[in-house]
Amino acid sequence: MSATMKITRTEGKLFARDPIALFFGLVFPAILLLALGYFFPGFDEPAADLDGARYIDVYAPMALVLGLATLGLVTLPPILGTYRQFGILRRLRTTPVHPARLLWAQLAVHTLVAIASAVLAIVVAVAAFDVTFPEKPIWFAISFILAAASIFSIGLLVGALARTTTSGQAIGMGIYFPMLFFAGLWIPRRIMPDGLLTVSDLTPMGSAVQALEDSWFGLTPSMTNIVVMLVWAIVIGFIAVRVFRWE
Amino acid sequence: MAVIEVEGLVKTYGTTNVVDGISFSVDEGEIFGIVGPNGAGKTTTVESVEGLRQPDGGTIRVLGLDPIKDRYEITQRMGAQLQESRLQDKIRVAEALDLYASFYDSPADWHELLERLGLREKADARYSELSGGQKQRLAVALALVGSPELAILDELTTGLDPQARRSVWANITEIRDAGVTVVLVTHFMEEAERLCDRIMVVDKGRVVAIDTPTGLVDRIGSEQQLRFRPSAPIEDDVLAELADVTAVAHDGAQIIVTGTGNVVHAVTALLAQRRIIAEGLRIEQNNLEDAYLALTDSDGEPAARGEREDS
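Residue numbers (my numbering), protein chains in the order written: chain A, 13 to 259; chain D, 11 to 321.
Hints are computed from structural coordinates only; laboratory data are not their basis.
Remember, predicted model here, so these are calculated numbers, not experimental data.
Just so you know, nobody snuck in bad clues.
In silico EDC-like links for lysine to aspartate or glutamate, alpha-carbon gap of 16 angstroms or less:
| # | chain 1 | residue 1 | chain 2 | residue 2 |
| --- | --- | --- | --- | --- |
| 1 | A | K18 | D | D115 |
| 2 | D | K145 | D | E131 |
| 3 | A | K25 | D | D99 |
| 4 | A | K25 | D | D134 |
| 5 | A | K25 | D | D108 |
| 6 | D | K100 | A | D30 |
| 7 | A | K18 | D | D108 |
One chain only, chain A, in its complex shape:
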């Protein structure tokens, strides 16, 4: 097996041995939907305060973005901080394998978990709340990939700068909660005031929620949302790679 495959497999195993990461990264979005449906009557019925939309239709795409944000901003940065703090990246530099491969392995593992987590949440939405399968699957896949790329690049940038596990956690969390706010977790985008909505559109998560919701329910996502995610992914990803410190 090639070194890259082996690193990715090992990092995958290590991820799977962390029950907290596994819970929040993999199953939390699905469980959140189930819990909301269970505790809030009318969750899957048209709601007047959402202009007749159902809460589940708004929260299903949001759950996917929440999963991405948890993986990208809560689990990824401390792992990279730990690897730097423990000298694991530095140790790799004395081998023929460049430590960058460890980063790609982490991104690969996080992407795989993100996809699995999204599939779980979609299955729950479809099976338990009678939501349709994404109606524009190609656009839906594109939106999801861009959402993952833009959110993970932020996590990578935090991980690039965090010297330790704790600073990775602290900075990641400091971005996580405001981002979730702009994504509409507390005030759904449908009922956001115009000013807030504009700000939300400019954040990767706000755009991700909108693009996923649109493609899920048969619309072509707006170019604004697609471009916003693309720009974040490229710009932040580029900066992260440039400022990344191996020790």
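Keeping the supplied structure of chain A fixed, place chain D upon it in accordance with the hints.
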């Protein structure tokens, strides 16, 4: 052929030269020790040799190659154990070895390494479950898993208890016997004295001395001291007249005889002849630690113990 050749190495942080013109060479098949006070530039030196740091001056050749330009080739042939480097808490010993083995073109058989380093029964243990000694032995195993020609070990036994330290020492000797050149950074003089063929003493970024352990001790003089309580009185003059005795003194009931060369034999022979028993006999000799303290003066105190002989 020299495995490592360092000529005039300079490394600057801010305005201080942490390494200030260090030159040395390491021969094939030897255990080369680097000792010196904290902050003397030992780790910076070996990290430059490993290609982890870009020197600000001087040249480094490792196995005839440039550590930075020929990084890939060197890393295939060199194994390293870094100071304060650890592994992921949840990785298993066997997984780590299997993973690192996959990095190299011609890796060693890691099962055999596990056996050799006494980690066999720990193969399935997680890194966090290992003792300090086991972690260090795993670090040695990882440094050897690429079947390197050169192994650089930085403060390998720091923080280990005496038993664990001794078992790691035995491993290092075995590595050398297997034909691997070893560079050992340490601040345990006993370790350097026992293991190293040659030792480089570094202080304030400069080389103070490079010599064999005995060569270093000889630099501060080969004076020896006998302390004992004679079972019957003996005159100072008789002792003082013996060959190689330089001084005789008293400390309560104890006699202290200082001398060089065969002084121990001369005194004990005399006592035997007179049927006097030397009770509580202690012989003190300069060891590497004395030589080290004499050669380095990082506390700001001048080298006080032993006559200083600069190389």
